[in-house]
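All chains should be modelled from the sequences, with the hints used to inform the complete structure.
Protein chains: 2
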Amino acid sequence: MPIADNRDPRYSDDEIATLWRTLRERRDMRHFVPAADAAPLPDGLLERLVEAAHLAPSVGFMQPWRFIRISDPALRERLHAQVEAERLRTAQALPSRNEEFRQVKIEGIRECQELLVVTLMPGREKHIVGRRTLPEMDVASVGCAIQNMWLAARAEGIGLGWVSFFEPLALAELLGLPDGARPLAILCIGRVPAFYPRPMFEDAGWGKRLPLADVLFENRWPDDERAGPTPTAY
Amino acid sequence: MPIADNRDPRYSDDEIATLWRTLRERRDMRHFVPAADAAPLPDGLLERLVEAAHLAPSVGFMQPWRFIRISDPALRERLHAQVEAERLRTAQALPSRNEEFRQVKIEGIRECQELLVVTLMPGREKHIVGRRTLPEMDVASVGCAIQNMWLAARAEGIGLGWVSFFEPLALAELLGLPDGARPLAILCIGRVPAFYPRPMFEDAGWGKRLPLADVLFENRWPDDERAGPTPTAY
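Going down the list, the sequences are from chains A and B. If you want our numbering, it's the position in the first sequence, counting the first as 1, plus 30. If you want our numbering, it's the position in the second sequence, counting the first as 1, plus 30.
Do not take every clue at face value.
Given that identical chains are not distinguished, each listed pair holds provided it fits within a single copy or across any two copies.
[What the hints assert, rightly or not] Within a straight-line C-alpha distance of at most 20 Å, the following computed DMTMM-like cross-link-like pairs (lysine to aspartate or glutamate) qualify:
no., residue 1, residue 2
1, K135, D233
2, K238, E114
3, K238, E130
4, K156, E77
5, K156, E197
6, K135, E186
7, K135, E232
8, K156, D209
9, K238, D209
10, K238, E155
11, K135, E107
12, K238, E81
13, K156, E203
14, K238, E55
15, K135, E197
These are calculated hints, taken from the structure and not from any lab test.
Structure (structure tokens):
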């Protein structure tokens with residue numbers, strides 16, 4: 031299977047730096063320039079983002095991702111209402127900092143220029159290669175795909191936000207999903223006033239970035255306090 | 031929250047092309063140059079890969095990922111034995127093409143230069159922001175993190191393969207994971223003879239890449255044959 035290939039597989043220093051710039055500057059965006067005021071999205075952007083997703087790896091090559099573009103304004107409003115209801119339920123369910131959470135902007139569904147729902151396809155139980163014992167590998171594959179979209183959008187200067195505040199069964203019904211399909215993401219896509227310098231939850235003091243030593247172990251889970259959950263658990 | 035920023039957020043055409051090159055050339059690798067014959071890995075590579083992972087988004091900023099570097103050769107062998115057993119169980123469980131599957135190389139655990147196990151942290155049930163109704167968002171975040179590692183490795187010319195053939199509870203016991211932690215990936219990392227031109231499962235005829243029209247819908251799941259599972263379901 032490996033083909034003969036004498037080219038240096040390493041990219042140039044500049045190319046490596048560009049990739050790292052993208053990894054560092056990608057942000058989960060919730061503030062968008064309202065669609066009415068925003069310059070149009072670059073031609074073909076949406077198709078390119080789906081193509082980027084489609085270049086992601088998937089367990090057993092199952093390509094479990096499906097994308098539904100929401101172009102109907104009334105549907106967008108119904109979708110927003112579902113998200114808003116779940117945002118308030120989450121605020122109520124938090125053991126503390128409820129009011130603080132309510133102040134944090136978590137989505138730009140109404141303002142953004144394009145809205146995509148990402149779902150798992152139905153019939154996944156037939157795919158057992160690489161997931162006989164780890165059925166959640168389909169979700170992991172969708173994570174890889176959306177990360178590709180995020181990076182591709184950032185490079186074009188376009189913001190993307192992943193919203194996961196919704197009842198999956200209610201959203202599935204709203205979009206006519208077949209049994210077994212499951213929505214995982216509402217993606218808000220559009221021009222942004224500016225990319226955040228740091229993740230919003232970090233800036234809001236909602237959590238702090240863990241030191242690498244707290245996430246990288248050797249041969250065995252360590253028997254000390256690093257093993258526990260992070261101090262801020264909401 | 032959005033800061034004033036008058037710079038053009040769009041990267042240059044060359045930078046965008048570099049990102050796309052990385053997205054296109056990233057591969058799930060199973061063939062590695064045996065560690066004894068391979069040039070050493072670039073200095074600090076492992077730490078850079080974990081840093082790339084750590085730059086990924088995570089739901090509610092929970093950073094659910096933990097990495098265990100396997101440096102003990104005997105432990106690597108025991109881990110390989112678990113994977114080999116699951117590979118054979120998967121072959122037996124397939125409804126057809128069992129022998130064909132047995133011929134496909136699925137991992138390079140013994141040959142690769144570095145081996146990492148990626149696990150979900152314990153105590154995740156306390157984190158409800160963005161996952162009260164979608165608990166699998168922690169898995170999706172780990173998918174984003176590993177995709178970042180994959181791209182960063184590819185840019186340095188280093189192969190990475192995600193192996194998901196194992197019994198999570200058995201692997202958890204082998205590595206002393208606390209209750210609630212769950213392994214999701216064994217990552218094989220190292221120099222490769224060559225990067226595959228296409229995904230191995232695609233080249234092996236195991237599946238074919240779906241046309242974009244089969245994965246991108248508008249406003250509603252379509253009421254036609256596209257709605258069903260892909261024709262090759264293993």
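Okay, the hints, checked on the actual structure:
1. K135 with D233: Within one copy only: 12 Å inside a chain, 45 Å across chains, cut-off 20 Å.
2. K238 with E114: neither (26 Å within a copy, 39 Å between copies)
3. K238 with E130: within (16 Å within a copy, 48 Å between copies)
4. K156 with E77: Neither: 28 Å inside a chain and 37 Å across chains, both beyond 20 Å.
5. K156 with E197: between (25 Å within a copy, 19 Å between copies)
6. K135 with E186: neither (24 Å within a copy, 37 Å between copies)
7. K135 with E232: Intra 13 Å, inter 42 Å, cutoff 20 Å: intra-copy only.
8. K156 with D209: Within one copy only: 14 Å inside a chain, 30 Å across chains, cut-off 20 Å.
9. K238 with D209: neither (39 Å within a copy, 24 Å between copies)
10. K238 with E155: Between copies only: 19 Å across chains, 38 Å inside a chain, cut-off 20 Å.
11. K135 with E107: within (17 Å within a copy, 48 Å between copies)
12. K238 with E81: Only across copies: K238 and E81 sit 15 Å apart there, 33 Å inside one copy, limit 20 Å.
13. K156 with E203: For K156 and E203, the Cα distance exceeds 20 Å both inside one copy (23 Å) and across copies (28 Å).
14. K238 with E55: Within one copy only: 18 Å inside a chain, 33 Å across chains, cut-off 20 Å.
15. K135 with E197: Classified as within; 19 Å inside a copy, 40 Å across copies.
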